[in-house]
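K.L.:
Protein chains in written order, with my numbering: chain F, -10 to 316; chain A, 381 to 647.
There may be inaccurate statements among the hints.
To be verified - Distance condition first, Cα-Cα at most 35 Å in a straight line; then the derived DSBU-like pairs of lysine-lysine:
no., chain 1, residue 1, chain 2, residue 2
1, F, 315, A, 416
2, A, 613, A, 540
3, F, 86, A, 547
4, F, 80, A, 547
Think of the hints as simulated: they come from the structure by calculation, not from any bench.
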Amino acid sequence: MKKLLSRTWELFSSNVFAVVLIGILAAVSLLGTAIPQKESPEVYLKLFGEVFYRLFSALSLTNLYASPFFYTILALLGLSLFACSYNRLMKLIQKGKSDLYHWGSFMSHLSVLMIYIGVVYGAAAGFSGYAQIEKGKDFSPHDWPFSVHLNDFNAKFDAQGRPLHFSSDLSVMENGREVLRKTISVNDPLVYKGIKFYQSSYGLTGLLEIRGPGGKAERSPISKNACCVYYTPTGQKFHLVEIFPDLHVLHGMSMEVYEPTMPLVLLENIGWLATGQVLRSGEYTLKLLGATEYTGLQVKKDPGVWVVYLGFLLLTAGVGMMLYVKH
Amino acid sequence: MLNIESNFLLFAVAAYGLAMVAGFLSLAIKRAEIDKSATLFLIVGLGLQTVSIGARIAASGRLPFANLYESMTSFAWGIALIILIVNYIYKIKAAGVVVVPIAFLAALYASTLNKAIEPLMPALQSNWLLAHVGVAIVAYGIFAFSFGTAILYLVKDRFKSKWLPAKDKLDELTYQLIAFAFPFMILVIVTGAIWAEQAWGTYWSWDPKETWSLITALIYLAYLHARLVMGWKGKIAAWFAVIGFLAVIFTYLGVNLMLSGLHSYAQ
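With these hints in hand, go ahead and build the complete structure from the sequences.
P.N.:
In structure tokens:
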């Protein structure tokens, strides 16, 4: 048993083993860029056909970077890094090889372990999600002591209709009063109690009124994120193709500010529907009551990020000390 | 302004082309003066391209790092400068003969790309853009030179040309270049990760560009391990350096041209 342990330790301390693992990690990572990741079955069927799709998904090559196989490679590399860091530390202490090169070598190996720890800690103690808030509404998960209110949303576009800048004016509300207010944009998130809110997307939510064969009217929100609405009595489905803030955008003209003046929707197989208009489709009568802007936020808590950043610092310093200082 | 920018880029392409031809000629005719004239053409080309890039900076009001044209012309400029610096420090004749064509091709390719000045898309509106692309140009430019010396090593190994630098010198120079560039490659990934955390809320998402930058770093990491702790030298090390730079090219260009992902604006 003792012999087995020392053999294992030897293996993980081996430079050849480490280089082989580095090579395997590179090759497997490459495979994950050759096969698109986390796509829908239709995409794979179109690209590779049924046989290969089944093979790829059986081997979890369609979600490679989250597969047990990939984690195993990372774990083996982690063990190798641990053994190498330990051995390098022993060299520093026992053999008195405490020049910059050997310190750098120890630091750079330790730093990658630190990044590992930061990633795992962040994944275990944090969360990540998406929030869609309409203008004037709140985002308030039931287990949070605070809520986030969208005061306003702004977007500026260039002549081709591409966004130049988009921002959300947010208020953090706690116990009925505003404790923080910030206008966030891409590259400038809001942070409150360790939770970060990133500007991610934006759009419009339309309110559609559907009257079916029975004469009963139903109101449903419709947006690009929830592309379809159902008329419950009959189960009839209406599919949204696009929703526009006004006619100017439809005709390809630019807007200075993203403020819907006369929202309109395009429904698949049915046609255009402007605010206030009524459109008939078979036995159904559709009416667009209006549309509200929403902001799409990436919501995240990652307490491990500082450990990762410390790892980055240590890695850069360690590699620099190893390679830039003459030995 | 566009005229100065695009015309001077074309002049620079011509100068780099002359430098390239002079470099090849110096190998064939084996005359030191021709090798010197290659350096001279390179200096002239760098000057001309500096005017072109200067005009671009004046017109756009920012460093030319945002799209493929801008990064490609900066990359060519960076390689030309790196060749002159390395030649000045090491004084190994003909060491840059394979790298000058890379500067030439990069400048030529840049001259064919769309030069319209476009506003930065929201994700790029960050100071991290400067750091991220800046360190990438240094890393990729020096890796390009290490590719050049590795190729020369392999050529010398095969044909025993007397005019080419000694194999030991090429081997050592290749190592020194990779060792110098590697921390910059680490910084490319680190700055990219910190920027992604700020813009998208995640420092790593296995996006193809990210993954390929990691693959590139891993190849050079294997090279450095093999060399520093296992004592690998010579031919196998040279092949590693060649493969490493092919990975650089794929990370820089191949990913954008062939794969989709978060870096698609660089097209």
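K.L.:
Does each hint hold? Answer for all of them.
P.N.:
The hints, checked one at a time:
1. 315(F) x 416(A): OK: residue 315(F) and residue 416(A) at ~31 Å, within 35 Å.
2. 613(A) x 540(A): holds, 18 Å
3. 86(F) x 547(A): holds, 32 Å
4. 80(F) x 547(A): Between residue 80(F) and residue 547(A) the Cα gap is close to 34 Å, so the pair holds against 35 Å.
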